[in-house]
Amino acid sequence: METVIKTFGVQPILLAAQVVNFLVLLFLLKKFAYKPILKMLDARREKIALSLKQAEQIENRLQAIEAEKDQRLKAAAKEAQAIISEATKSGAQLIEEARQKASEDIKVLLKKNEEAMAREHDLLQKQIKAELSEMIVIGLTKVAKKVLTEKDKNMLVSETIRSI
Amino acid sequence: MEHISLAAEKIGQVGFLPITNTLIVSWIIVIVLAVLGYMAGKNVHMVPSGLQNLFESILEPLWDMTREMAHARARTFFPIIATFFLYILLANWFGLFPGFGTIGFWETKKVEPKAISQEQLATGQPGAESKEAGTSAQQNLAGSAVTQTSIAEAPHTERTFVPFFRSLNADLNMTLGLALASVVITHILALRFLGFWGYISKWISLNPIMLFVGLLELVSEGTKVLSLSLRLFGNIFAGEVVLSTISNLLAFIAPLPFYFLEIIVGVVQAAVFMLLTLVFMTLLSEKHVGAEEH
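Protein chains in written order, with our numbering: chain A, 13 to 176; chain B, 1299 to 1592.
Worth double-checking, as some hints may not be accurate.
For each label pair, taking beta carbons as the anchor points, the in silico distance ranges come out as [claimed, not checked]:
{"hint": "1", "chain 1": "B", "residue 1": "A1569", "chain 2": "A", "residue 2": "Q66", "range": "16 to 24 Å"}
{"hint": "2", "chain 1": "A", "residue 1": "E80", "chain 2": "B", "residue 2": "E1366", "range": "42 to 50 Å"}
{"hint": "3", "chain 1": "B", "residue 1": "I1329", "chain 2": "A", "residue 2": "T15", "range": "55 to 63 Å"}
{"hint": "4", "chain 1": "B", "residue 1": "F1395", "chain 2": "A", "residue 2": "A61", "range": "23 to 31 Å"}
{"hint": "5", "chain 1": "A", "residue 1": "E71", "chain 2": "B", "residue 2": "Y1557", "range": "25 to 33 Å"}
{"hint": "6", "chain 1": "A", "residue 1": "E14", "chain 2": "B", "residue 2": "G1397", "range": "16 to 24 Å"}
{"hint": "7", "chain 1": "A", "residue 1": "Q66", "chain 2": "B", "residue 2": "L1513", "range": "56 to 64 Å"}
{"hint": "8", "chain 1": "A", "residue 1": "V36", "chain 2": "B", "residue 2": "F1395", "range": "44 to 52 Å"}
{"hint": "9", "chain 1": "B", "residue 1": "E1584", "chain 2": "A", "residue 2": "Q66", "range": "49 to 57 Å"}
{"hint": "10", "chain 1": "A", "residue 1": "V36", "chain 2": "B", "residue 2": "T1521", "range": "57 to 65 Å"}
{"hint": "11", "chain 1": "B", "residue 1": "T1374", "chain 2": "A", "residue 2": "E71", "range": "19 to 27 Å"}
{"hint": "12", "chain 1": "B", "residue 1": "V1482", "chain 2": "A", "residue 2": "E71", "range": "14 to 22 Å"}
Which residues of chain A face chain B? A partial, calculated answer using Cβ under 10 Å [unchecked claim]:
{"hint": "13", "residue": "F20"}
{"hint": "14", "residue": "A28"}
{"hint": "15", "residue": "Q30"}
{"hint": "16", "residue": "F44"}
{"hint": "17", "residue": "I118"}
{"hint": "18", "residue": "L121"}
Derived from the structure by calculation, the hints contain no laboratory data. For glycine and all other residues, C-beta sits at the position ideal for the given N, C-alpha and C.
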């Protein structure tokens, strides 16, 4: 055993020196390298997780917004359709109303016209009657050479008019 | 080129501490690694670059693996595991640099004057037949006293090559030190995580069968040190021998495949040491399955 140890050159002091070297290195690396780097790794891991979560949230929100937009668009289209149909309907109604009113007006006008014509006609008839009776009287007087009495006159005139 | 000695060569002595070439290399590696680590960890950014990137790419898989195996204890285990890996890896790769094992000096050692034959002196090469030669010299000496003194005083020198640098893990002091550190730290951590009684109950039990098993486990703790240290030492030392042998045969191009091989061996051995340490740590600090039933 002794010779084996000697051949390999194992000495307690050298053994201790190597252990000390290792421990020194362990201490230094732990303090100056592992600690900050592990901290950074953890921080990065957290940040990535957070970012992914946020990305997911953003995605969700985007989808929600998209859905809402679609819904709103649909609603707006529907509303527009309603407005258009309403307008068409009211337009038609207006036209109808106008037409009715116009026809009524026309009827009224026609009636008025008829009345006026009838009145004129009457007036004309009366005038013609009057003038005619006068002409007849004049003619008869000329024929009879006598002045007729008021009674004869009226009788003659009405008889003549009837015969005409 | 001489054969590579199993022991690390001594270069000097500071006080009571003998300075071997591996000790110098280990200091260099500790300094290099510490400086690199410091520079990597000095200014960490969310977006890594340069050294930070390099360290992260090594440390992150280690960290993931440690967490996977040790869960809550990972944070305690990780620095030890990672340091083992980085230290051994860098040491193995450093040993492949040109100059390792090849730049050094010839040391002429005076061997205590033994009776040696004249021919042996002339060639100056003590060899396999020295024993035979010794006996023949003794026979000579029996003849005349004058020759005896002259031969005894004749300085006999032995030239050995002492390289300034030697692959760190080709020194059993280093690998044994690491293995001891690994096992001792494992036990300290087990003590910390299990508490005194939890730790003791791993080895000693009232149940005779379990007591025997505990004893076996205790022995296996000793073999852990041996297997960890000798595996690493054997692999790296063998690599050194292979490289020097091939280089002796043909120094150009021919050793290249072996250098590639050694690069892989360096990683594999570092990973093996690290993994075994991690497994031992995890197992030993695990709560005893039987203990929970009591």
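Hint check results:
| no. | hint | in the structure |
| --- | --- | --- |
| 1 | A1569(B) - Q66(A): 16 to 24 Å | violated (38 Å) |
| 2 | E80(A) - E1366(B): 42 to 50 Å | holds (45 Å) |
| 3 | I1329(B) - T15(A): 55 to 63 Å | violated (35 Å) |
| 4 | F1395(B) - A61(A): 23 to 31 Å | violated (43 Å) |
| 5 | E71(A) - Y1557(B): 25 to 33 Å | violated (52 Å) |
| 6 | E14(A) - G1397(B): 16 to 24 Å | violated (34 Å) |
| 7 | Q66(A) - L1513(B): 56 to 64 Å | holds (58 Å) |
| 8 | V36(A) - F1395(B): 44 to 52 Å | violated (22 Å) |
| 9 | E1584(B) - Q66(A): 49 to 57 Å | violated (39 Å) |
| 10 | V36(A) - T1521(B): 57 to 65 Å | violated (28 Å) |
| 11 | T1374(B) - E71(A): 19 to 27 Å | violated (40 Å) |
| 12 | V1482(B) - E71(A): 14 to 22 Å | violated (53 Å) |
| 13 | F20 | holds (4 Å) |
| 14 | A28 | holds (8 Å) |
| 15 | Q30 | holds (3 Å) |
| 16 | F44 | holds (4 Å) |
| 17 | I118 | violated (89 Å) |
| 18 | L121 | violated (92 Å) |
Of the numbered hints listed earlier, those contradicted by the structure are 1, 3, 4, 5, 6, 8, 9, 10, 11, 12, 17, 18.
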